[in-house]
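> Dock chain B against chain A, hints included.
Residue-level listing of the chains:
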Amino acid sequence: MEEKDYKKLWKKIVFTILLFSLVPLFALGFTVYYQFSVSYRAKILDNLNTLVENRTSATDLFFDERISQLITLAHTHSLDQLNNEAYLNKIFNTMQTRSKSYIDIGIIDQEGNHLAYVGPYRELKGVNYRNEDWFNSVMSGGIYISDVFLGFRKYPHFIIAVMSREGGKSWILRATINSDIIDNIVRAAQIGKKGDAFLINQRNFLQTTPRFSGELFGHPTTPDFSRTNSTQVEELVIENERILFAVKPLRNTKWILVVKEDPKEQLTPLLRARYIAISLFLAGIIIIVIGTFLTTRSMMNQLVRIDREKAAGEDYVIQSSKMAALGKMAAGIAHEINNPLAVIGEKAGWIKDLLVEEDIAKSENFKEFEDAVKKIEAHVDRAKKVTHRLLGFARRMEPVHEQVDINKTINETIDFLENESRYRNIDIQLDPQEDLPKIQSDSSQLQQIFLNIINNAIDAIGKGGDIKIKTAFLSKNNEILVEISDNGPGIPKEQLNKIFDPFFTTKEVGKGTGLGLSIVYSIVEKLEGRIMVASEKGKGTTFTIYLPVR
Amino acid sequence: MEDFRVLVVDDEDDFRETLVKRLQRRNLDVTGAESGEKALQLIDKFLYDVIILDVKMPGIDGIETLREIKNRKPLTEVIMLTGHASVESGIEGMKLGAFDYIMKPADIDKLVEKMHEAYDKKAAHDEKIRQATIRDLAGHPARIFEKIKEEKK
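Heads up: the sequence lines are chains A and B, in that order. Those letters in the first sequence? Residues 1 to 550, per this note's numbering, in order. Those letters in the second sequence? Residues 1001 to 1153, per this note's numbering, in order.
Isolated chain A, as found in the complex:
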């Protein structure tokens, strides 16, 4: 595979893995977080709703009780009784022991005259209320609850007035109540650090003191909820901030309870969950990405290696079969050449035979004939050597197990390369050990080894050099040692451990396949031998092969 094909495949794999792992991760994370967020927010609103309902209930209950109390008082006593201030005082004291919120109590007749009064503001006694709104309200409605106001003592309070009929006459029982209790009830809804709650009247004036949202009797700093007539829970954006409001009107008065919350405060756990989710997601991404890259890279390296091995294997097979085909072709050619050679040899010999005849010997060109014929025979002999060598080489293409004489094999290889080496002025010398034991092996494969190494040496030297070959028998390991050294330029250190790699070559394109030494290596391995190389730049290279004797 081409380099760019590998890159494309790599990209495709990485992309696919990332897609199939990140997309579900993201989808899962997003969905879960979203669901959680939705539920959580709904819960917050729900809680807020409950809170506002709860507080309005409590407030309404308070009012219910007070009104009940006053109505009971009004209907169980006569006007005359209550007109008696001493009697009224006694009653007032009783009321106060149970509930400290009563500030004063007064009786007013249907003309608006303040008949009796118990409480701190004695000056009210003579006042006539006929023109007051509240008077008319209670006369027509039976019950009146006022807004909160700041009394003479600067406490905030409000009035509850109830009307009673007695024998054709109406009269009003009025009590002033400290709004502390209301404030306390409302304060319970001011939750968290930023939550607020307060009561407003129908003109948006505060009836209780909020924590942050304004001053009593003023307008709250919130939007105007005074028109609300049923429970509302909503989120509003005010000055780029989101704020939750729960609003509910009271039953007994025309007041409205407003609860304000900072969603950010409520949502803190959700935010934390979001951060956790995001960091886990990011961590997941990092791990997935790193994992993907590492795994894919190692996978690709493996693929590259396998491809290379396969290609080398295929190349080896192709090379082998090429050699075999070459061998057959060479044999065919050699045979075709041998026949005419034989004829030429015979004809020349025949002429030589005839030259012995006397009359031919006398001719002036005799010397030339003789010389020519001798030369013809000599060159036929030379051609014969070539074809026989070719035939010998071709014959050994089939692998064979035989007793091989290493020295002989090396000599044959040297012969094969004789022309090449002579032309290049390279001297090849064999220093053989006599009586080298024969080994059980395949002579053509051995010849291949020596051929490749010596060929490399010749190519390395170029022109003018020496190649020395030594053989020896090492009895210690029962091995034969073959050492081939040249005085060529040597192999640089950083290339030394690559030279046996398939496709590694320092020759230019087309001049070397890079397979020669890798074939040598695999043959040596197959023969259960070892091969080592030592080289020094500028001095030369030595290959040492150890072959076990069997």
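Take these hints with a grain of salt, some might be off.
Stated by the list, open to error - What follows is a list of derived Cβ distance ranges for each label pair: (1) Ile1144(B) / Lys362(A): 54 to 60 angstroms; (2) Pro1058(B) / Asp371(A): 49 to 55 angstroms; (3) Lys1095(B) / Asp431(A): 55 to 61 angstroms; (4) Gln429(A) / Lys1073(B): 49 to 55 angstroms; (5) Asp371(A) / Arg1026(B): 39 to 45 angstroms; (6) Gln429(A) / Lys1095(B): 38 to 44 angstroms; (7) Gln440(A) / Lys1095(B): 23 to 29 angstroms; (8) Lys1110(B) / Asp359(A): 44 to 50 angstroms.
As the list claims (entries may be wrong) - Derived SDA-like pairs (lysine to any residue); straight-line CA-CA distance at most 25 angstroms: (9) Lys347(A) / Lys328(A); (10) Lys1110(B) / Tyr275(A); (11) Lys347(A) / Thr1031(B); (12) Lys1110(B) / Arg382(A).
Unchecked claim - Every beta carbon over 10 angstroms from chain A, so not counted as near; a handful from chain B, in silico: (13) Glu1012; (14) Lys1021; (15) Pro1058; (16) Gly1059; (17) Ile1108; (18) Leu1137; (19) Pro1141; (20) Glu1150.
Calculated from the structure, these hints are not laboratory results. The structure presented is a predicted model; accordingly, all values stated were derived computationally and were not measured. The beta carbon of each residue, even a glycine, is placed where N, CA and C say it ideally should be.
Chain B in isolation, oriented as in the chain A frame:
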């Protein structure tokens, strides 16, 4: 140099004719045959001491011819001439009873040397037969008439 009868079997005309001429110059009684079939025809009619046989020929190849020769005239010595891819056919020939083989192009002196060795072997073999026959006849003189009848065939 002894004069003995030689048959050269080779389909390459130029080669065969020249070889025949050269061997005749060395005082041998040499005939040529251009194919295996021709050779078999000839050996049925005439007696040869040594046959030079090319292995690769069209029609019946050398090995087949050799087999037939050894069938019909087992005492004739055969030298294989092999010029093609495998020496194996030479060896195969020798297993079938050929005396030796030589590779083309052949040095004439070497060839003649081998031929002499072949002939010597045959001559020695013939002599043994003769001796045995004489001993046999000495014991049973009447058999000579059978022998004459046999030889006439």
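> Against this structure, judge whether each hint is valid.
Consistency of the hints with the structure:
1. At roughly 58 angstroms, the beta-carbon separation of isoleucine 1144(B) and lysine 362(A) lies within the given 54 to 60 angstroms, and the hint holds.
2. Checking the proposed 49 to 55 angstroms range against proline 1058(B) and aspartate 371(A) shows it is violated: the Cβ atoms sit about 38 angstroms from each other.
3. In this structure the hint that lysine 1095(B) and aspartate 431(A) lie 55 to 61 angstroms apart at CB is violated, the actual value being about 40 angstroms.
4. Evaluation of the 49 to 55 angstroms hint for glutamine 429(A) and lysine 1073(B) yields a pass: the beta carbon distance comes to about 54 angstroms.
5. In this structure the hint that aspartate 371(A) and arginine 1026(B) lie 39 to 45 angstroms apart at CB is violated, the actual value being about 23 angstroms.
6. Between glutamine 429(A) and lysine 1095(B), the C-beta spacing of about 41 angstroms keeps the proposed range 38 to 44 angstroms intact.
7. Evaluation of the 23 to 29 angstroms hint for glutamine 440(A) and lysine 1095(B) yields a pass: the beta carbon distance comes to about 24 angstroms.
8. The given range of 44 to 50 angstroms is broken by lysine 1110(B) and aspartate 359(A), whose C-beta atoms sit roughly 30 angstroms from each other.
9. A threshold of 25 angstroms between alpha carbons decides the hint, and for lysine 347(A) with lysine 328(A) the separation of about 29 angstroms lies outside it, so the pair is violated.
10. For the suggested pair lysine 1110(B) and tyrosine 275(A), the alpha carbons sit about 103 angstroms apart, so the restraint of at most 25 angstroms is broken.
11. For the given pair, lysine 347(A) sits about 18 angstroms from threonine 1031(B) by alpha-carbon distance, which is consistent with the 25 angstroms threshold.
12. Of the pairs offered as hints, the one joining lysine 1110(B) and arginine 382(A) holds, with about 17 angstroms between alpha carbons and a cut-off of 25 angstroms not exceeded.
13. For glutamate 1012(B), the shortest C-beta to C-beta distance to chain A comes to about 6 angstroms, within the 10 angstroms cut-off, and the non-interface label is violated.
14. For lysine 1021(B), the requirement that its beta carbon stay farther than 10 angstroms from each beta carbon of chain A is not met, with the minimum near 6 angstroms.
15. Once the 10 angstroms rule is applied to beta carbons, proline 1058(B) is consistent with being away from chain A; the minimum gap is 13 angstroms.
16. Even its closest Cβ contact with chain A, about 17 angstroms, leaves glycine 1059(B) beyond 10 angstroms, as expected for a residue assigned away from the interface.
17. Isoleucine 1108(B), annotated as away from the interface, has a beta carbon of chain A within 10 angstroms; the closest lies near 5 angstroms.
18. Its beta-carbon lying about 45 angstroms from the closest one in chain A, leucine 1137(B) satisfies the requirement of being farther than 10 angstroms from that chain.
19. The Cβ of proline 1141(B) sits about 50 angstroms from the closest Cβ of chain A, beyond the 10 angstroms cut-off, so the non-interface label holds.
20. No beta-carbon of chain A is positioned within 10 angstroms of the beta-carbon of glutamate 1150(B); the least distance is around 40 angstroms.
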